[in-house]
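**Student:** Residue strings, one per chain:
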Amino acid sequence: MSTLHGKERKALGDCLTAVHEKTPLIHNITNYVTVNDVANALLACGGSPIMSDEPKDVEDITSICGGLNINIGTLNERSIEAMFLAGKRASELGHVILLDPVGAGASALRTTTAQDIVEQLHPSVIRGNISEIKTLAKGAGTTKGVDADAADTVTEENLDEMVSFVKAFAEKTNAVIAITGAIDLVSDSERCYVIRNGRKEMSRITGTGCQLSSVATAYAVANPENMVDAVATAVCLMGLSGEIGWSKMQDGDGNSTYRNRIIDTIFNMDAKTLEEGAKYEIR
Amino acid sequence: MSTLHGKERKALGDCLTAVHEKTPLIHNITNYVTVNDVANALLACGGSPIMSDEPKDVEDITSICGGLNINIGTLNERSIEAMFLAGKRASELGHVILLDPVGAGASALRTTTAQDIVEQLHPSVIRGNISEIKTLAKGAGTTKGVDADAADTVTEENLDEMVSFVKAFAEKTNAVIAITGAIDLVSDSERCYVIRNGRKEMSRITGTGCQLSSVATAYAVANPENMVDAVATAVCLMGLSGEIGWSKMQDGDGNSTYRNRIIDTIFNMDAKTLEEGAKYEIR
Amino acid sequence: MSTLHGKERKALGDCLTAVHEKTPLIHNITNYVTVNDVANALLACGGSPIMSDEPKDVEDITSICGGLNINIGTLNERSIEAMFLAGKRASELGHVILLDPVGAGASALRTTTAQDIVEQLHPSVIRGNISEIKTLAKGAGTTKGVDADAADTVTEENLDEMVSFVKAFAEKTNAVIAITGAIDLVSDSERCYVIRNGRKEMSRITGTGCQLSSVATAYAVANPENMVDAVATAVCLMGLSGEIGWSKMQDGDGNSTYRNRIIDTIFNMDAKTLEEGAKYEIR
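Protein chains in written order, with the working numbering: chain V, 74 to 356; chain C, 74 to 356; chain Y, 74 to 356.
Simulated from the structure, these hints should not be mistaken for laboratory data.
Heads up, some of the hints might be wrong.
Copies of one chain are not kept apart here, so a pair can be met inside one copy or by any two copies together.
Distance condition first, Cα-Cα at most 27 Å in a straight line; then the derived DSS-like pairs of lysine-lysine [what the hints assert, rightly or not]:
1) Lys129 to Lys211
2) Lys352 to Lys161
3) Lys273 to Lys80
4) Lys245 to Lys345
5) Lys273 to Lys95
6) Lys345 to Lys240
7) Lys80 to Lys321
8) Lys321 to Lys240
9) Lys345 to Lys273
10) Lys321 to Lys129
11) Lys245 to Lys129
12) Lys129 to Lys80
13) Lys95 to Lys240
14) Lys95 to Lys245
15) Lys80 to Lys161
16) Lys95 to Lys321
17) Lys321 to Lys211
18) Lys80 to Lys240
19) Lys95 to Lys211
20) Lys352 to Lys129
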């Protein structure tokens with residue numbers, strides 16, 4: 074471990090090992106588009122998934138889990154009620170809550186729901202694209218459907234500004250904030266990981282962001298004292314799996330096979346490969 | 074472009090290029106069985122998917138999209154309400170609406186819902202198997218679950234009759250009608266594409282029809298002045314991808330791998346391959 | 074056929090052949106996590122799937138099917154109502170009903186719903202892990218989420234006791250009971266299949282249990298006079314497919330590819346391979 078900003082930093086490989094050893098059970102209230110990949114990605118990384126979005130069921134279910142992953146990708150009135158019931162119980166129990174505000178900025182219902190979750194449930198981690206996070210931070214954004222607006226991209230040119238933004242929002246929400254895109258930022262207000270793993274072709278698969286959110290929940294649960302390091306590790310893991318998965322693509326393969334290759338790579342990842350392949354700096 | 078029936082025909086390759094260039098964003102209200110494959114097929118063909126079926130969310134979501142794909146495969150009271158709300162907004166905005174009447178004829182609710190959508194929302198495109206389309210056209214059919222009844226098949230023997238039927242139904246509904254099966258028919262009342270791409274093994278995978286409907290929506294959105302050509306192109310694309318995907322199958326592969334191969338082939342399709350592999354005549 | 078306990082036993086290969094010949098249409102009310110794999114596994118084994126969970130739709134849909142597969146993995150108020158409506162209609166029609174009590178013991182709603190289904194719908198087959206079945210049998214269990222609790226495992230040491238337990242529960246419920254795990258037990262009270270196919274890596278894929286339940290429904294429907302043999306055949310088929318699928322794994326493959334390999338193997342299974350690979354004894 075190295076020391077930075079007065080807090081010890083947990084190495085990526087140690088974060089991974091903790092997940093493998095603890096097999097955290099994660100309650101997912103998530104969209105029905107990518108839910109199967111979310112479950113298999115959680116199993117691949119060493120966690121264990123359970124899904125429930127019925128208000129009468131979620132308090133019991135979340136009680137036996139270690140963390141709660143809330144993804145609003147196909148929210149509805151029933152699942153929104155379930156999110157708040159599960160979230161309140163999870164809060165009482167001191168569980169990790171991660172929010173993935175899919176499409177915040179694209180509809181009033183999504184924006185309002187995501188804002189209410191931040192204010193009322195105080196999630197430990199918020200992970201989204203830059204448009205979604207800006208919508209939460211500033212009450213306005215230009216989300217293009219479920220993808221980030223190009224005008225919102227984190228680039229080498231605006232990196233300093235973006236690092237300041239994510240640190241400030243982390244401080245305001247008292248959460249670990251993860252903004253993912255071509256360059257990923259993960260911050261707990263004191264430090265900010267700037268991560269350059271991943272491939273642009275990952276955006277041609279549905280659900281890599283949703284998978285990351287569930288994996289990051291497992292990482293946060295297994296490494297409760299080092300949540301920013303844990304979430305950054307999950308982001309590196311996902312991006313590196315995208316790189317290694319792509320390297321295995323053969324003639325004729327496309328996005329469906331790429332999806333399988335990425336989850337397979339998460340399944341086979343070990344601490345050494347992750348440490349060697351992770352590309353990040355800390356600011 | 075060639076001229077036929079007084080209207081210019083847009084070449085298949087040009088229809089494909091338009092999708093690749095425009096990346097149409099498609100709002101899908103679809104079933105939870107095949108929704109992941111629908112999203113990946115849309116991404117594979119060059120489109121972009123968003124899913125929402127909550128009445129309070131769908132009007133905002135459909136407003137930022139270019140087209141709406143309504144699939145009643147696992148309809149429920151909430152999603153039916155969402156279909157009509159989204160459809161009315163999409164109509165007001167002049168968006169393409171495609172209806173996939175999954176299981177029309179198999180239950181009263183499905184038949185009624187599909188008929189109401191045709192009458193109230195006036196979809197630009199209707200795509201189904203012959204049993205489903207007959208149910209809509211004649212108010213009666215012998216749908217066998219979600220598959221067409223064998224007694225309803227389009228064959229070489231009844232082809233003339235079927236071409237007349239599809240043209241008449243296209244005229245009545247003022248929509249492009251696509252009937253898919255061993256022989257596919259796509260018509261806008263003036264011309265009828267008779268398409269012989271595809272493989273029978275595709276019926277051993279769930280969701281190739283659902284995928285086609287979403288891809289056809291993207292094609293119609295990207296080629297608004299040539300909708301019958303665009304939908305026929307999507308049908309050829311899907312069938313040809315089934316043929317090429319099958320040619321890559323190896324010993325021990327089955328329907329799960331075949332599913333991946335088809336989406337991968339859509340991902341890699343270019344205009345030249347499509348033009349050379351498409352098997353169709355126009356009547 | 075051999076005779077045992079006064080009842081003729083149908084060979085595994087004959088059970089498989091019956092499914093291939095009859096293509097049973099199965100109505101599935103199942104969870105949205107694994108539903109796509111359930112549909113493809115049903116198609117792979119020679120059955121045909123239809124999904125519907127809307128109360129106003131399910132009675133019509135189940136009427137045109139041969140059997141009903143009820144899986145409570147992501148139950149909600151609407152789908153619970155649909156389960157009972159479909160179940161009552163299926164009962165009236167003499168259809169096979171299979172219950173997969175996912176997570177019984179993990180929440181009050183799941184436990185109560187599963188118990189009510191057993192009491193009111195009298196399913197022909199109940200398939201679950203040992204924790205779920207114990208919960209149903211004894212009104213108490215220690216389900217760990219959707220996985221069995223380690224303390225509940227069927228082992229060589231407690232096998233005699235477990236065989237007695239499953240026979241007694243089969244007699245009490247007048248159903249075929251299938252308990253799956255490292256050792257699988259399938260009993261109709263008179264005989265008990267003890268099955269040792271499968272691999273531990275199957276638990277790293279979401280949904281192999283759900284797939285088995287749908288396949289077992291198809292097997293029971295196609296072999297109505299030999300339901301215990303049919304369900305045991307489905308259990309052997311799933312486990313053997315897990316073994317053969319694993320033998321095809323290559324360097325870098327993980328749980329996502331393994332999922333595909335298993336379904337592919339079901340697709341390619343023939344009577345001879347199944348008979349030769351099945352590992353079971355009858356007690």
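**Student:** For every hint, state whether the structure bears it out.
**Tutor:** Comparing the hints with the structure gives:
1. In this homomeric assembly, Lys129 and Lys211 come within 27 Å of each other (Cα to Cα) only across copies, at 23 Å, whereas the closest approach inside a single copy is 34 Å.
2. Proximity of Lys352 to Lys161 under the C-alpha cut-off of 27 Å is found in neither arrangement, the shortest distances being 36 Å within a copy and 48 Å between copies.
3. For the identical chains of this complex, Lys273 and Lys80 are neighbours neither inside a copy (33 Å) nor across copies (40 Å), given an alpha-carbon limit of 27 Å.
4. When the C-alpha separation of Lys245 and Lys345 is checked against a cutoff of 27 Å, the pair qualifies neither within a copy, at 35 Å, nor between copies, at 54 Å.
5. For the identical chains of this complex, Lys273 and Lys95 are inter-copy neighbours only, at 18 Å across copies versus 32 Å inside a copy, given an alpha-carbon limit of 27 Å.
6. For the identical chains of this complex, Lys345 and Lys240 are neighbours neither inside a copy (29 Å) nor across copies (50 Å), given an alpha-carbon limit of 27 Å.
7. Proximity of Lys80 to Lys321 under the C-alpha cut-off of 27 Å is found in neither arrangement, the shortest distances being 38 Å within a copy and 47 Å between copies.
8. In the homo-oligomer, the alpha carbons of Lys321 and Lys240 never lie at most 27 Å apart, since the shortest distance is 36 Å inside one protomer and 48 Å across protomers.
9. In this homomeric assembly, Lys345 and Lys273 come within 27 Å of each other (Cα to Cα) both inside a single copy, at 24 Å, and across copies, at 25 Å.
10. When the C-alpha separation of Lys321 and Lys129 is checked against a cutoff of 27 Å, the pair qualifies neither within a copy, at 44 Å, nor between copies, at 43 Å.
11. For a Cα distance limit of 27 Å, the shortest separation of Lys245 from Lys129 qualifies neither inside one copy, at 33 Å, nor across copies, at 30 Å.
12. Taking the shortest alpha-carbon separations for Lys129 and Lys80, neither the intra-copy value of 41 Å nor the inter-copy value of 45 Å comes in at or below 27 Å.
13. In this homomeric assembly, Lys95 and Lys240 never come within 27 Å of each other (Cα to Cα): the closest approach is 30 Å inside a single copy and 36 Å across copies.
14. Taking the shortest alpha-carbon separations for Lys95 and Lys245, neither the intra-copy value of 31 Å nor the inter-copy value of 39 Å comes in at or below 27 Å.
15. With identical chains, the CA atoms of Lys80 and Lys161 are never at most 27 Å apart, being 29 Å at best within one copy and 56 Å at best between copies.
16. In this assembly of identical chains, the alpha carbons of Lys95 and Lys321 never lie at most 27 Å apart, being 30 Å within a copy and 30 Å across copies at closest.
17. With identical chains, the CA atoms of Lys321 and Lys211 are never at most 27 Å apart, being 41 Å at best within one copy and 50 Å at best between copies.
18. Taking identical chains as interchangeable, the C-alpha atoms of Lys80 and Lys240 lie at most 27 Å apart only when both belong to the same chain, with a minimum of 16 Å there against 59 Å between chains.
19. In this assembly of identical chains, the alpha carbons of Lys95 and Lys211 never lie at most 27 Å apart, being 37 Å within a copy and 30 Å across copies at closest.
20. When the C-alpha separation of Lys352 and Lys129 is checked against a cutoff of 27 Å, the pair qualifies neither within a copy, at 44 Å, nor between copies, at 42 Å.
The structure fails hints 2, 3, 4, 6, 7, 8, 10, 11, 12, 13, 14, 15, 16, 17, 19, 20 (numbered hints given earlier, in ascending order).
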